[in-house]
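Colleague: Assembling the complex is the task here: the two chains are given apart, and the hints tell you how they should meet.
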Amino acid sequence: MKNKLLFSLITFTTLFIMSCKQDLNDLSNETNNASNVKLVGLGIMEISYDMKTIRDYETDFSILSELDLSSVNPSEEKQHVEMVLLESGQLNLTITELNFDKKINIPHEILPDDSPKIMKTEIIGNTANFYDINGKLLGSENIPIPNHRETVDKIKEIGNKFSAEDINKTIATMQGYQFIDNLEEFIRNAPANGVQVLEQGENYVSLRMSFNKIDPRIQGASVLLIDKSINKMVGTRIYDAQDNLVQSVFFGYNKGDVQSLSAIRIEQQTHLPSGSEVKMISISQIENLKFNLNIK
Amino acid sequence: MKNTIFKLVSFFVLFLFAQNILAQRNVAWVHGLDGDAGSWQHYNAIFDAERNINSLRTSYNTDNGITHASNQVKNSMDTFYGSNANNPLNLGIGHSMGGLMIRDVDRLTPSTNKRFGGYVTVTSPNYGAPIANSLMDGSVQNAAANACNKLNDGPLSEIFSLPYGITANLTTNVLCNKFISNDLVQDMIGTPITNYDLRVGSPTIEALKNHTNNSNIPRISIWAQESSPVHWRMFSSSEFNNDQTLVNYVNDAREIYNVFFMLNTSLAMACGVGGFWFPPCWAASALYTYRATQWYKGRSWIDDSENIWNSLIKTTRSEQQTYWAYIWIPCSYPPSLVEEKNPNPNCGQWEWREFTRWVSVNYPSDGLLPKYTQELQNIPTGNRYYVPGANHLEVRNMSNSTLNGQPNDVTKARFNEIFNRPQGDWFRTN
Chain A
4 MKNKLLFSLI TFTTLFIMSC KQDLNDLSNE TNNASNVKLV GLGIMEISYD
54 MKTIRDYETD FSILSELDLS SVNPSEEKQH VEMVLLESGQ LNLTITELNF
104 DKKINIPHEI LPDDSPKIMK TEIIGNTANF YDINGKLLGS ENIPIPNHRE
154 TVDKIKEIGN KFSAEDINKT IATMQGYQFI DNLEEFIRNA PANGVQVLEQ
204 GENYVSLRMS FNKIDPRIQG ASVLLIDKSI NKMVGTRIYD AQDNLVQSVF
254 FGYNKGDVQS LSAIRIEQQT HLPSGSEVKM ISISQIENLK FNLNIK
Chain B
1397 MKNTIFKLVS FFVLFLFAQN ILAQRNVAWV HGLDGDAGSW QHYNAIFDAE
1447 RNINSLRTSY NTDNGITHAS NQVKNSMDTF YGSNANNPLN LGIGHSMGGL
1497 MIRDVDRLTP STNKRFGGYV TVTSPNYGAP IANSLMDGSV QNAAANACNK
1547 LNDGPLSEIF SLPYGITANL TTNVLCNKFI SNDLVQDMIG TPITNYDLRV
1597 GSPTIEALKN HTNNSNIPRI SIWAQESSPV HWRMFSSSEF NNDQTLVNYV
1647 NDAREIYNVF FMLNTSLAMA CGVGGFWFPP CWAASALYTY RATQWYKGRS
1697 WIDDSENIWN SLIKTTRSEQ QTYWAYIWIP CSYPPSLVEE KNPNPNCGQW
1747 EWREFTRWVS VNYPSDGLLP KYTQELQNIP TGNRYYVPGA NHLEVRNMSN
1797 STLNGQPNDV TKARFNEIFN RPQGDWFRTN
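Residue numbers (the numbering used here), protein chains in the order written: chain A, 4 to 299; chain B, 1397 to 1826.
The set of hints was computed from the structure by calculation and includes no laboratory data. Some clues are possibly wrong.
Looking from chain B toward chain A, a few residues come up when the C-beta cut is under 8 Å (computed) [as the list claims (entries may be wrong)]:
no., residue
1, Asn1545
2, Asp1648
3, Ala1721
4, Pro1726
5, Val1757
6, Pro1760
Chain B stretches covered by chain A per the calculated footprint, using a threshold of three residues with CB under 8 Å from any CB of chain A [what the hints assert, rightly or not]:
no., stretch
7, 1636-1644
8, 1746-1756
All C-beta atoms, glycine included, are put in the ideal place defined by N, C-alpha and C.
Pulled out of the complex, with its shape left as it was, chain B reads as follows (with noise of 0.2 Å):
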């Protein structure tokens, strides 16, 4: 009886466990191009703890293309899951490149032996990279360039060093520099191939997205948003892991040029006066006032340096815009000692003027990849879901993260909105 009772309690235990398993749903996380296993860690974590869910992660090699790295994601779930490797209810979560392979692996398998019933893209180049386009036609090298002539103006003209510490470090090459030497661009130079097929218009972009429009899977897009300034916020995360930190770093480098510009102006007008007793500080004068101009030009690219970095990434509109702005019109010009012949009537005189001109307007972006990107299109709205205040690789996780002084991981939120959505929806997981 003993027996009996005893075998009955551990088949039913067993019972319990094996219904435990099937009732596991398969959650394959993969990284993007700048990731590893250890990407996806922290709502890994979180859900494995949270949902009945078998997941599995792990690190792929992401240098030689889209579809050499979708390969390695079908391989990882066929030796990891084995049999249930083709169950219609795996989901696949890619963060950037990682939702590309996942989509790559959806396009490259037939029907009958599907990896993935659905997917989730997280801030993925689905319709290409524009810094990608940027990298390969030059324009990320030019604008790095630029920016540090512009930068090393000011600190030239004085023929001394910027000083000591972190403003010296920002703002001689590094800070131009973190253009090109961020990790993200740094892993698209180093890997040539991917770069290609990452790019606006690569062949292999052009047959995710024939695919997909073809596509009856379940799929989900997560955009991000982060907020101004978007590039030194993503460059924070990727140096400090928070996006605020270089942004600090930035305000006080700027400050410092500032304080420099306004210094050189301050002495030049001293020396305009001082020219009344001495008329040789006169030339003292106009030194000061171009060092003055030279520390400007850094101080606005600083300023600028957001919609530089946008129109890198894609993320910039030109519009025509009209603006009134309050000027001044000379009357002599240097080295002429006459008046222009034909002086402006208002000439020495201040007046309103109205502009019209085109400008560049910056839009929506994680800090590298574009709104318009991200989201996948020919879904159904609902399936499309914006995390605000997160750059393209603080949103893999979003636990240090605040938005207006408050805790934000609005990462987690979302992946709890799609996994409670109503039952019968493809997407729920207890």
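Pulled out of the complex, with its shape left as it was, chain A reads as follows (with noise of 0.2 Å):
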């Protein structure tokens, strides 16, 4: 039973990232070339949120040259965000550009750009359709988003092994607690998955997955840091090959009755022209995020 579990996940998360890969042809049609689409409420899977990002840098600002200084200057986005599944396996995105305040803004001294802007983009299909803030279509390009067929069939598992009151009240409180079972089970199996506990104490434990467990063209590893007192993933890291460390990234929760996704902070070595490295920091701020699955 045990293994025939271990399978089951190592399966899923297997059959999750190969569905990336699908070959193009397998791309599904359901294509729907309206623009202002209402996509939320048709699909398996729903995902919609607002994400501010600020991207700056960790270096000594005052010794780059200036080819190296134009590379980092530091810049900050606000996007909303609604991704569908469909049960085809077809993902349609829809990506909007968010003013705010207080927008960082390094004060260029040249002639502002008189085009029209993309505010808009709808993926559905395999076509991205560039819309401006009037809703007027500026452009269209073809784009190979894979299908996800087979991760709508684990869906369905999940609908089929948890009581949809369970499946309803995690979604509702972002709170998987009650599923701890479920990752005390992976731990005490990892080592016979080829899954590496590095260290565990009460109340987190730390894992490290090869990425070729997941796809054998896929090098490198994986480090997880799990919160074990709230069942969440809070950091991860990602090493190459050689086993240099390329990104951390780290996740915060809000807290109270929603623990939902609040923060993403994501630290990574980038090269600069002049060869030298600098750390690039971008830190996301997770807002509105609304999950759903439509299963039972």
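Modeller: So, in structure tokens, the structure goes:
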């Protein structure tokens, strides 16, 4: 039974990732080219949120050359995102640029761009449509959004294995402690599945998993830091094939009744034109996160 | 009697014709490094029709430095205008390096045998072309290589190639290589002698500067300023003969990167929830977050590329700026299990924080040359003319240009202003 469950878990993850790499010819084509289509409410999985991201760097800016400095200006942006997974496996996405106060503004002294800006992007099927602030179509491109049919199947399995009440409660509160048994079982069987338990304490566990367990074509590994008290992942690190750290990510959650994701902090070394390295830090604030599974 | 009348009429016609020839002003339209005889065709044709001018427009070899090219200008004037080649009313109009060639002719000819009585430089690198310095010290190549890496990170993380079509063409090595593959930079790479001459601080540039500072020859400079994004607009003018098409393509490409950034971010979030039921999904979440960042780096490069290009053409400056940012401080750092020994007391919270740091600020250029080198110094303010919304190439023919959606042939307007200067002004040309 244990092996069966673990096999199922690994298979789910594998299929989830593999589903991103299906041949483009397999792309489903539930195309709907109408602008301003309300995407939420149609899919087996729906997620929407506002994300405000600030990007900055950690270095001694005073010693950088003009060229290096020109590539590390701070920036800030806010976008509203709606993603819908349809039963066919098609992923639709709508991204809308949002304005906000107190935006970081570099005082450039050049003439502004007078051409219309893309304010909204809709991905339906394998077509991306770009719209200006008035909803006027500015352009279209083909785009290889992979089909996620296998993910749909696995989501349906969740519906079969767990009660509607539990699923709805979890989604409504974004609290996963009631499923801590799943995690404990996973930890107990980790070595047999090539997952290394690095450290384990009362509240935290860190696990190391090679990506080739997910997809043989991917090198490197991830280390997950999981807070068992809330049954949530609070951090990850990504290592390349040579075991060099390439990225650290930290997740923060709201407190209270609805403990949804509220913060993502990503740190990654990046190269400047001169070849020297600096740390790029992006901090995203997640607001109005809505997640739904339509499986019952 | 009939014969007498015929002779008188013929004499009168010949007299008028001779007067007309004598009244014509010789104008030499001189192209720049990237140009040829066709470069000035548009305005030459307009003003040949509207003004009383006798135009010389031909091709010069610009591969062997400024003085080699300026000798060709001098020789072509001698051949074309003959005994009128040193007429003190001869006007030279030079685009880009063409302006330097005219100035060099003035520098190298004795005061008793000048070929030009005055000249107009149009977006010329009068005090050197900083892009030549950036090419010679390897900065352009470094910037392009860095760009290619950042643009490739996203597609490589997905283990698939970007799709067919324009986006694929722009977001593989093509987009980044535009930094070094644009015509102007290629011409400089291909002609190291000219590149050496055009750089800021070169002996020829210094000699021209010294000569012009001690010269009283009437001179005008026209400088242009392109709208943001200056680099894509200039490359667009080179490839598509308008300054918008490439901008549209790059905007689309930027959105493609943004789509994959947000798509992977959304999948990471979904897996964060899916981990409740299937903990291995959290590993997938880590992978999606990594992919999102790789796409984000490419998108950020597109956003920063104008600033990077401007630093190569030396139209940026460093200045300190203070700003506020709303940031979040994590408490736990994998793979460590425990919270930091002395964690920030505000960890896990959002807070406003003030930052002061050096930033890079853009200032005006035509996409290739900064304002400070396009404008001649030590001339009356009224001898400096400004062409807004034009890039280095576009300024030669703005018949299809628009600014804020309106026709914007400002170069033609500026030439008319120059030719219509008050009676007695050296540049006035009827």
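Colleague: Now, for every hint given, state plainly whether the structure supports it.
Modeller: Outcome of the hint check:
1. Asn1545: 7 Å, holds
2. Asp1648: 5 Å, holds
3. Ala1721: 5 Å, holds
4. Pro1726: 4 Å, holds
5. Val1757: 6 Å, holds
6. Pro1760: 6 Å, holds
7. 1636-1644: holds (count 3)
8. 1746-1756: Answer holds; 6 residues pass the 8 Å Cβ test.
When held up to the earlier numbered hints, the structure conflicts with none and fits them all.
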